[in-house]
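The listed protein sequences derive, respectively, from chains A and B.
Read the first sequence against the numbering used here and you will find it ends at 123, with the numbers running on by one and no gaps.
Read the second sequence against the numbering used here and you will find it ends at 448, with the numbers running on by one and no gaps.
Hints listed in this document are in silico derivations from the structure and should not be mistaken for laboratory results.
There may be inaccurate statements among the hints.
EDC-like cross-link-like pairs, simulated, lysine to aspartate or glutamate; straight-line CA separation at most 16 Å [to be verified]:
#1 A:Lys110 / B:Glu390
#2 A:Lys122 / A:Asp93
#3 B:Lys345 / B:Asp429
#4 A:Lys110 / B:Asp419
#5 B:Lys395 / B:Asp429
#6 B:Lys351 / B:Asp419
#7 A:Lys79 / A:Glu23
#8 B:Lys372 / A:Glu72
#9 A:Lys110 / A:Glu96
A few chain A residues that don't get close to chain B, going by computed Cβ distances all over 12 Å [said to hold, decoys possible]:
#10 Ser22
#11 Arg85
#12 Ser92
Quick list of the computed label-pair ranges, beta carbon to beta carbon [to be verified]:
#13 B:Ile343 / A:Gly49: 29 to 39 Å
#14 A:Lys66 / B:Gln360: 25 to 35 Å
#15 A:Glu23 / B:Leu405: 37 to 47 Å
#16 B:Lys351 / A:Arg118: 43 to 53 Å
#17 B:Ile343 / A:Tyr47: 23 to 33 Å
#18 A:Ser92 / B:Ser414: 36 to 46 Å
#19 A:Glu23 / B:Gly332: 25 to 35 Å
#20 B:Thr448 / A:Pro63: 27 to 37 Å
#21 A:Ser13 / B:Glu353: 28 to 38 Å
Just so it is clear, CB atoms sit at the ideal spot from N, CA and C, and this is done for glycine as well.
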Amino acid sequence: AQSVSQHNHHVILSEAASLELGCNYSYGGTVNLFWYVQYPGQHLQLLLKYFSGDPLVKGIKGFEAEFIKSKFSFNLRKPSVQWSDTAEYFCAVNAGNTGGFKTIFGAGTRLFVKA
Amino acid sequence: GAVVSQHPSRVICKSGTSVKIECRSLDFQATTMFWYRQFPKQSLMLMATSNEGSKATYEQGVEKDKFLINHASLTLSTLTVTSAHPEDSSFYICSARDSFGGHSPLHFGNGTRLTVT
C-alpha cells in the first residue's frame, strides 16, 4: 500500500530563514506528487505538483520541490520564508495507474514563521 | 478556479442520530469525489471514493453501512453518518478533480466539523 511520510510535524522559523520540508513516499511505480497548503481558517489548496518532466518544480509564492526518484522523496523548499507562510503543509501522492487515482496524504507539517 | 462547496461547516448532533454532509462542485462536473476524515494533529485519511451513478468505493476499515455515500449527480455527493456515536466526531473533508487524470490536483471543500454528544 502507498504511504507518505513527512519528517517534521512542527517547524518554527524566523522571517527570511530558508525552509525545507521533507517528504518520502513508498510506491514503486509511476506517481503523481503534490504539496498542498492550508492557511489558517482556509481550505486546502494546491501549492505545486509533479507528474513528469523536470524534477524540480516551481509553485506559487516562491515554493519549489524536487522529485528524487532514487530516494522516493519530494522535498519542499523556499529560500526565504515570510510571516504569511504560516500554515500547514501536506505532501500527497497518488499512483499513476490506479483506478480513481486515490490520493494519500502525509501527516502534515505545521509551519510557524515569526515576524 | 474550480470551487468545491461543503455544507454544513459545523454540526452537533446527539448520539444515535444521523447527519448528512453535502459536497458540491460549483463550476465543474465531477464524476468522482473523495471523502476524507481528519483527526486532530493527524493526516487526512481517505474514507471512500464517490462515483457518480454507481456505488462508492470504501477504503479498508471504513464501514459502508455507517458512512453512506450517494453521488446522484455530476455536481453533488453526500455523506451520511448514520447512528452517529462520539467516536465519529471528526473533521470530514470532500474533494474533487475538475479534469481526468491522477496528475490533476484535488479541489477541496472547507470541511465539516462533526461533534457527536
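A quick look at each hint next to the structure:
Only pairs whose Cα atoms come within 16 Å are accepted, and A:Lys110 paired with B:Glu390 is accepted, the gap being roughly 10 Å. Restraint check: the Cα-Cα separation between A:Lys122 and A:Asp93 comes to about 10 Å, which is no more than 16 Å; the hinted pair holds. Simply put, B:Lys345 and B:Asp429 have alpha-carbon atoms about 36 Å apart, too far for the 16 Å limit, and the pair is violated. With a C-alpha separation of about 23 Å, the suggested pairing of A:Lys110 with B:Asp419 is violated against the 16 Å cut-off.
Note on B:Lys395 and B:Asp429: the hinted pairing is violated, with a Cα-Cα distance of about 26 Å set against a maximum of 16 Å. Restraint check for B:Lys351 and B:Asp419: the C-alpha separation of about 13 Å stays at or below 16 Å, so the hint holds. Annotation: proposed proximity of A:Lys79 to A:Glu23 is violated, straight-line Cα distance about 30 Å (limit 16 Å). Restraint check for B:Lys372 and A:Glu72: not satisfied, since their Cα atoms lie roughly 25 Å apart, outside the 16 Å limit.
The suggested pairing of A:Lys110 with A:Glu96 is violated, with an alpha-carbon distance near 21 Å, which exceeds 16 Å. At the 12 Å boundary, the C-beta of A:Ser22 stays outside the reach of chain B, the nearest C-beta of that chain being 24 Å off. A cut-off of 12 Å between C-beta atoms confirms that A:Arg85 is not in contact with chain B; the least separation is 19 Å. A:Ser92, annotated as away from the interface, keeps every beta carbon of chain B farther than 12 Å; the closest lies near 20 Å.
Taking 29 to 39 Å as the suggested C-beta distance range, the pair B:Ile343 and A:Gly49 does not conform, at roughly 20 Å. Distance hint check: the CB atoms of A:Lys66 and B:Gln360 are about 30 Å apart, consistent with the given range 25 to 35 Å. Taking 37 to 47 Å as the suggested C-beta distance range, the pair A:Glu23 and B:Leu405 conforms, at roughly 45 Å. Range check, B:Lys351 to A:Arg118: Cβ separation about 31 Å, and the 43 to 53 Å hint is violated.
Checked against the given bound of 23 to 33 Å, the beta carbons of B:Ile343 and A:Tyr47, roughly 26 Å apart, stay inside it. For A:Ser92 paired with B:Ser414, a C-beta distance near 43 Å keeps the hint of 36 to 46 Å intact. Between A:Glu23 and B:Gly332 the C-beta distance comes to about 28 Å, which sits within the given range of 25 to 35 Å. Roughly 49 Å separates the CB atoms of B:Thr448 and A:Pro63, a value that falls outside the hinted 27 to 37 Å.
Checked against the given bound of 28 to 38 Å, the beta carbons of A:Ser13 and B:Glu353, roughly 33 Å apart, stay inside it.
Going down the numbered hints, you'll see the structure goes against 3, 4, 5, 7, 8, 9, 13, 16, 20, while the others check out.
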